[in-house]
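Asks: Sequence:
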Amino acid sequence: MNPLRRLTCTAALLAASGIAFASPTAPKEGAEYQALPDVQPTGAGGKVEVIEFFAYYCPHCYAFEPHLAEWVKKQGDNIVFRRVHVPRGAPVAAQQRLFFTLESLGLLDQYHAKVFNAYHVDHVHFAQDEEVFDWASRAGIDRAKFVDAYRSFGVQAKVRRAQAMMEAYRVTHWPMIAIDGRFLTSPGMLAESGTPGEAALDGTLKVMDALVTRAKADKK
1 MNPLRRLTCT
11 AALLAASGIA
21 FASPTAPKEG
31 AEYQALPDVQ
41 PTGAGGKVEV
51 IEFFAYYCPH
61 CYAFEPHLAE
71 WVKKQGDNIV
81 FRRVHVPRGA
91 PVAAQQRLFF
101 TLESLGLLDQ
111 YHAKVFNAYH
121 VDHVHFAQDE
131 EVFDWASRAG
141 IDRAKFVDAY
151 RSFGVQAKVR
161 RAQAMMEAYR
171 VTHWPMIAID
181 GRFLTSPGML
191 AESGTPGEAA
201 LDGTLKVMDA
211 LVTRAKADKK
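Using our numbering, read the sequence shown as starting at 1 and increasing by one per residue.
Accuracy of the hints is not assured; some may be wrong.
[As the list claims (entries may be wrong)] With beta-carbon atoms standing in for the labels, derived distance ranges:
1. Leu36 to Asp129: 29 to 37 Å
2. Thr25 to Asp77: 21 to 29 Å
3. Ser152 to Pro59: 29 to 37 Å
4. Gln110 to Val159: 20 to 28 Å
If you are wondering where the hints come from, they were derived from the structure by calculation, not from laboratory data.
The beta carbon of each residue, even a glycine, is placed where N, CA and C say it ideally should be.
Please take these sequences and the hints and turn them into a complete structure.
Replies: Here's what the structure looks like:
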């Protein structure tokens, strides 16, 4: 399945109906981004917090990941960036706990892209705990240490927090990006606004640039 297929089809339908493509460099509320009705607290101090809501199984998240990673790298100390793996019932529970275990062990930067590749390229579905443990061991992570963290109260708390955040931020699809507890944007929003295919991914980054600039200016 092509990760961009749905985005491309949506944009094609909009183009056929005569709707003009959006301008990510001058994003409009209700089109390229949404303002949250209730501003959410952040832990970024004077910096701008950027959160990606995502899931490892999501093909659109997989397609967006290299674009997002490069954007975060360019931002440097300009932002505080973090990810939240969204819940979706029992079939995704092991994937979600895998993410928060890597985060708890300080291994997320090293293994995040590897998990994506394991799922989408190597077809490791991370459907069961033992499948996750086996993969972690093959990847070079100490199995006992990983299992202890995976089953810890700390990871359980992160899982509960993810559910609460998803509801508070009104996350309905993913990947979705939250800027400073105030704004939401996503490749899906840009596709529905008329930005086609691959351009929706890069266009999302331009919208993020504009929203980060706005949030930063508002802090002064």
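Asks: Of all the hints given earlier, name the ones this structure violates by number, lowest first.
Replies: none
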